[in-house]
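Engineer: Turn these sequences into a full structure, and let the hints guide you.
There are 4 protein chains.
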Amino acid sequence: MKKVNNIAVLTSGGDAPGMNAAIRAVVRAGIYHHLNVYGVMYGYKGMLTNDIFPMESKTVANIIQRGGTILKTARCKEFYEPEGRKKAYENLKKLDIDGLVVIGGDGSFKGAQKFSEEFDIPCIGLPGTIDKDIAGTDFTIGFDTAVNTAVDAIDKIRDTADAHDRLFIIEVMGRDAGYIALHSGIATGAEHVLMPERKSEIDDIINELQANERRKKLVNLIVVAEGDEFGGANGVVKHIKERLPQLDTRVCILGHIQRGGTPTCMDRIIASRLGYAAVEALLDGTHNVMVGVVNDKIAYTPLTQAVKAKQSIDEEWFKIIKILAS
Amino acid sequence: MKKVNNIAVLTSGGDAPGMNAAIRAVVRAGIYHHLNVYGVMYGYKGMLTNDIFPMESKTVANIIQRGGTILKTARCKEFYEPEGRKKAYENLKKLDIDGLVVIGGDGSFKGAQKFSEEFDIPCIGLPGTIDKDIAGTDFTIGFDTAVNTAVDAIDKIRDTADAHDRLFIIEVMGRDAGYIALHSGIATGAEHVLMPERKSEIDDIINELQANERRKKLVNLIVVAEGDEFGGANGVVKHIKERLPQLDTRVCILGHIQRGGTPTCMDRIIASRLGYAAVEALLDGTHNVMVGVVNDKIAYTPLTQAVKAKQSIDEEWFKIIKILAS
Amino acid sequence: MKKVNNIAVLTSGGDAPGMNAAIRAVVRAGIYHHLNVYGVMYGYKGMLTNDIFPMESKTVANIIQRGGTILKTARCKEFYEPEGRKKAYENLKKLDIDGLVVIGGDGSFKGAQKFSEEFDIPCIGLPGTIDKDIAGTDFTIGFDTAVNTAVDAIDKIRDTADAHDRLFIIEVMGRDAGYIALHSGIATGAEHVLMPERKSEIDDIINELQANERRKKLVNLIVVAEGDEFGGANGVVKHIKERLPQLDTRVCILGHIQRGGTPTCMDRIIASRLGYAAVEALLDGTHNVMVGVVNDKIAYTPLTQAVKAKQSIDEEWFKIIKILAS
Amino acid sequence: MKKVNNIAVLTSGGDAPGMNAAIRAVVRAGIYHHLNVYGVMYGYKGMLTNDIFPMESKTVANIIQRGGTILKTARCKEFYEPEGRKKAYENLKKLDIDGLVVIGGDGSFKGAQKFSEEFDIPCIGLPGTIDKDIAGTDFTIGFDTAVNTAVDAIDKIRDTADAHDRLFIIEVMGRDAGYIALHSGIATGAEHVLMPERKSEIDDIINELQANERRKKLVNLIVVAEGDEFGGANGVVKHIKERLPQLDTRVCILGHIQRGGTPTCMDRIIASRLGYAAVEALLDGTHNVMVGVVNDKIAYTPLTQAVKAKQSIDEEWFKIIKILAS
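Residue numbers (full-length UniProt numbering), protein chains in the order written: chain P, 1 to 326; chain F, 1 to 326; chain H, 1 to 326; chain W, 1 to 326.
If you're looking for bench data, these hints aren't it; they were derived computationally from the structure.
Just so you know, not all the hints are guaranteed correct.
Note that identical chains are pooled: a pair holds if it fits in a single copy or bridges any two copies.
In silico BS3-like pairs for lysine-lysine, Cα to Cα no more than 30 Å straight-line [as the list claims (entries may be wrong)]: (1) K322 / K199; (2) K238 / K110; (3) K308 / K297; (4) K114 / K238; (5) K308 / K110; (6) K77 / K238; (7) K77 / K217; (8) K77 / K241; (9) K297 / K199; (10) K322 / K3; (11) K216 / K58; (12) K217 / K319; (13) K87 / K238; (14) K58 / K241; (15) K114 / K87; (16) K58 / K217; (17) K238 / K322; (18) K216 / K77; (19) K86 / K322.
Structural biologist: Quick look at the structure:
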């Protein structure tokens with residue numbers, strides 16, 4: 001087992017609430033184990049531009065509750081080229097860094113995996129994405145906060161839907177994954193949830209809205225993931241306005257508010273636990289894995305397999321949505 | 001002075017947080033003074049459709065903290081025709097209603113004013129609108145909540161703006177009035193606030209963004225009222241992307257979340273105070289006025305004058321925004 | 001399998017956020033399956049006083065987001081006597097009720113279990129308690145909300161602790177169970193978490209506070225469950241003030257705010273899922289069980305075993321707390 | 001008029017949400033006017049210990065939304081002695097500081113006033129206290145946030161009060177001033193509000209609780225300021241339990257959560273405006289005043305008069321409370 005002495009941590013891809021809690025955990029667990037911990041700014045980009053600095057325990061004080069990421073994040077095309085990765089490696093080597101923790105989504109893991117294949121710096125991935133669509137973990141850092149932000153926003157919209165007897169079509173984030181839509185839809189009592197993983201029958205929706213109209217149920221919420229087949233809320237509303245022009249229908253696209261904000265208790269705990277486990281993994285010589293949580297236990301998934309998960313959403317949830325919204 | 005015995009209350013126009021607190025105050029102050037209090041559903045529409053019901057103290061229990069309006073609201077074109085108002089009058093007369101409290105914006109007040117001119121039912125208006133653009137009052141029911149909702153959302157967006165070094169153009173509500181934009185912009189440290197009451201120089205904004213770019217200040221927030229001359233956030237972003245394509249720029253339209261939610265302390269207090277004062281005014285024979293608050297004192301404004309206020313925003317605020325965002 | 005036709009639902013014991021979401025789910029799932037659903041007010045007490053009423057789909061509209069319980073709750077000593085249960089049974093029989101859903105904690109389940117032994121009315125228990133201390137389920141309705149409320153409060157206290165360089169001893173709920181303390185302590189970066197399930201060494205705590213003082217770390221948070229061996233926060237502070245009188249130490253007892261408030265997304269989903277599953281269980285003839293969730297699957301536990309769980313908290317959490325707070 | 005070149009800013013006394021927004025405004029307005037701005041840590045104490053550092057625009061980036069104070073605060077007895085002030089003066093003089101902005105309450109203003117009498121450093125006070133009890137201003141930095149925090153907490157408690165038909169006695173902050181109690185009490189529909197400025201008749205309260213009990217109104221909220229004549233909530237509950245032992249009565253002391261948290265929109269705006277005005281005042285040669293807001297205009301009050309205001313609370317508020325809670 002190779003001894004680890006100097007590690008670096010970075011955040012990559014879209015930011016997610018709880019990333020700061022994860023950074024804090026990596027830094028303090030590292031220091032506890034007498035490692036030097038470096039922060040890399042702007043994800044892989046900072047590795048190329050040598051934007052790397054030593055972190056102390058104090059550097060991560062009072063950040064567990066903060067949204068965003070103190071290490072910032074960016075997309076970095078050059079890192080996906082061999083020369084880019086070489087340059088990155090050389091910068092890390094100057095500091096004798098012999099372990100790297102990457103907090104991000106499956107795109108970021110691909111980069112880490114390539115890097116670790118080519119160079120002798122072991123990498124650990126931590127799932128940080130609001131979309132919860134990574135194989136090998138039950139939770140991702142940021143999902144619980146994002147979904148609670150969505151629920152809070154939809155609760156507010158329902159007040160106004162209810163005051164005006166309106167139909168609202170609400171778009172939540174999720175280009176490839178509908179988890180935010182599914183969870184926020186169930187939690188707000190939405191009539192329908194549309195998501196990329198599942199074909200929705202617009203005819204059924206129209207028919208049901210008409211049936212609701214007949215029985216004077218005019219307040220209706222439809223939650224749509226941005227990556228839904230109809231093209232998000234604006235796609236859905238077109239169909240509905242065409243066929244039910246008499247309904248008072250509005251669209252609301254929640255957008256970027258879902259990425260920010262103070263992380264929930266759960267996201268902070270997951271982030272803390274995973275950050276701690278990442279350092280333990282590096283010390284144990286376990287590398288090139290993503291550290292996740294499965295059935296409340298730490299689980300390691302090779303970076304090659306920690307890809308965007310093809311989810312099979314249990315069809316029973318849609319039955320529950322239908323029954324409970326009635 | 002005519003003795004009042006039976007009063008009715010309704011909410012009209014766009015809903016605003018705190019309307020329920022105002023309804024509660026009207027009902028309980030009415031009952032305290034031994035009046036019968038009726039609720040009219042769906043604004044003026046309920047007067048025409050005779051959707052009117054007696055309210056008790058209990059009817060308004062546990063609603064002070066609720067967004068929306070338990071009396072619902074709707075637009076009603078027929079009320080703007082003489083026959084519509086006649087029908088409404090007849091329905092009220094069947095119940096011997098001799099006083100009407102209308103919670104809404106300036107459009108609703110116009111209806112009330114016409115109605116009170118034609119018929120012998122005194123009306124009292126209460127300013128209920130998130131836009132704070134009514135002459136004769138320092139506050140409107142709902143503004144403080146809406147602006148805090150906007151601030152909370154922009155805080156979240158700033159997390160992500162900061163993580164990615166992005167420019168965000170955020171659209172808040174306000175078709176004719178920029179108060180929500182102004183207040184939320186100051187409170188979130190926005191670089192620029194664009195609003196209908198004031199011409200903005202897009203060239204100045206572009207120049208400043210360029211200057212910020214040169215000094216590596218890439219995180220910028222611009223808050224735009226929907227009724228701004230450029231056509232809201234989507235209008236502004238077009239100009240910016242054309243001339244500064246290199247910036248990572250995003251748009252976020254906050255939308256209907258600004259109308260709902262639990263009212264703030266201030267909105268509940270104003271609503272309670274105004275609802276109570278509305279009943280006092282009816283008992284005193286003061287009628288066809290809007291009851292507002294000016295310099296922390298109850299103020300009466302004839303309904304004819306309680307129109308959308310032409311605001312003159314103090315230019316010093318824009319100096320403050322510029323200086324403090326630097 | 002006995003056919004079920006008329007079911008009743010009640011909430012019992014301490015209230016918990018999400019109980020309304022569970023009631024809604026039971027009512028609507030029941031109606032979907034063509035059952036008559038009755039609500040019992042004030043827990044078992046309403047069964048004795050015959051405070052029972054038919055519920056419709058509309059009765060539970062717009063309550064998924066509300067704290068508290070629309071069915072109210074109470075303690076009821078008489079139900080723990082044979083005559084009390086007999087009277088309750090007779091009242092249910094008058095309405096031909098042949099299934100009962102009890103939302104509450106382990107105390108309530110004991111009542112349900114006794115009742116179902118003596119009489120031919122099958123009972124289903126749903127775990128509704130903020131303490132998360134019931135065997136047979138990974139989650140209880142209300143825990144996630146309570147712990148987020150605690151975290152939000154402690155975040156606020158940290159602002160003031162940090163401004164004044166103070167030590168705060170914060171007491172959270174949990175008479176027999178320390179889960180709220182453990183989770184909120186990790187999530188807020190507390191230095192120490194004291195809980196009933198685990199002996200804490202006051203000497204170690206004192207020593208560490210002294211060490212922190214020497215290195216000028218004066219901001220410290222200690223989270224204590226009310227049922228801790230030292231007698232909650234007031235017990236702990238006595239020890240500390242005696243031995244470290246120079247520290248600026250304050251106590252904050254969070255109290256009943258932890259029971260109320262809008263439920264989180266997770267609590268609403270769990271409540272919806274369990275309420276739905278309770279009706280399915282009654283229809284399937286599965287009875288006298290608690291319905292819980294284990295590893296994300298519905299799990300049935302005989303009411304006799306759904307008791308307050310002896311938890312064995314993984315000692316590693318305390319290592320994580322120590323390392324991350326350093 | 002003496003030219004100002006170097007100014008210092010500090011926060012003193014109890015912390016209040018919005019202090020950071022005020023610091024930010026002082027720093028940036030100062031820099032805009034080409035002043036050097038210094039931050040003093042720990043209030044007056046930092047002046048004595050020479051804990052003073054130059055602040056840049058960047059130092060105050062991203063703090064407008066943060067509770068607490070980045071300059072920390074402390075009580076400092078030595079500053080109330082002539083030698084202490086002399087030492088403080090010498091430290092400021094070393095840096096050629098010729099203007100001082102003190103953000104705090106009336107106690108802090110007394111120190112500033114003494115200091116400015118003895119030495120040639122002009123002082124400006126900004127009212128930063130959650131208690132809103134300073135003469136010469138309609139608002140103080142922190143009050144609006146504190147009262148909204150209290151309202152949010154009481155809303156949660158009401159959920160549980162309502163579920164159990166309980167009487168809750170809730171203590172809010174306010175040793176000498178009852179504004180938090182008054183505002184949060186009105187906003188939550190409390191039955192009674194007890195505060196230091198006004199004698200409450202415990203007999204009337206008892207009688208009313210009994211009358212409520214007779215008409216089955218068992219959910220009651222009483223809001224008490226900590227400085228009330230009965231000794232806060234614990235004092236009040238003693239009286240009630242003695243005479244109405246049959247009621248299910250609970251106490252909740254909100255405590256320090258009222259000091260922290262993200263400031264509301266209003267507190268951020270007031271803080272920004274006052275911080276900006278403080279620098280303008282120093283530049284104009286206006287000194288030894290507190291800068292406040294009266295009727296929405298900047299107002300200057302000599303520090304000698306900016307004392308804890310003897311408030312005369314309008315008796316009509318208590319009539320409103322009584323009527324609306326009925």
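Engineer: State for each hint whether it applies.
Structural biologist: Against the structure, the hints:
1. K322 / K199: Classified as within: same-chain Cα gap 15 Å, cross-chain 48 Å, threshold 30 Å.
2. K238 / K110: Result: close neither inside a copy nor across copies, 38 Å intra and 34 Å inter.
3. K308 / K297: both (21 Å within a copy, 23 Å between copies)
4. K114 / K238: For K114 and K238, neither the intra-copy (43 Å) nor the inter-copy (38 Å) Cα distance is at most 30 Å.
5. K308 / K110: Answer is within: at 11 Å inside a copy they meet the 30 Å cutoff, but 45 Å across does not.
6. K77 / K238: Between copies only: 26 Å across, 36 Å inside.
7. K77 / K217: Answer is between; shortest inter-copy Cα gap is 22 Å, intra-copy 51 Å.
8. K77 / K241: Only across copies: K77 and K241 sit 22 Å apart there, 41 Å inside one copy, limit 30 Å.
9. K297 / K199: For K297 and K199, only the inter-copy Cα distance (24 Å) is at most 30 Å; the intra-copy one is 33 Å.
10. K322 / K3: Answer is between; shortest inter-copy Cα gap is 24 Å, intra-copy 56 Å.
11. K216 / K58: between (59 Å within a copy, 12 Å between copies)
12. K217 / K319: within (19 Å within a copy, 41 Å between copies)
13. K87 / K238: For K87 and K238, neither the intra-copy (49 Å) nor the inter-copy (37 Å) Cα distance is at most 30 Å.
14. K58 / K241: between (56 Å within a copy, 27 Å between copies)
15. K114 / K87: within (14 Å within a copy, 62 Å between copies)
16. K58 / K217: Classified as between: cross-chain Cα gap 10 Å, same-chain 56 Å, threshold 30 Å.
17. K238 / K322: within (23 Å within a copy, 41 Å between copies)
18. K216 / K77: between (54 Å within a copy, 21 Å between copies)
19. K86 / K322: neither (54 Å within a copy, 38 Å between copies)
Hint violations for this structure: numbers 2, 4, 13 and 19, all remaining hints satisfied.
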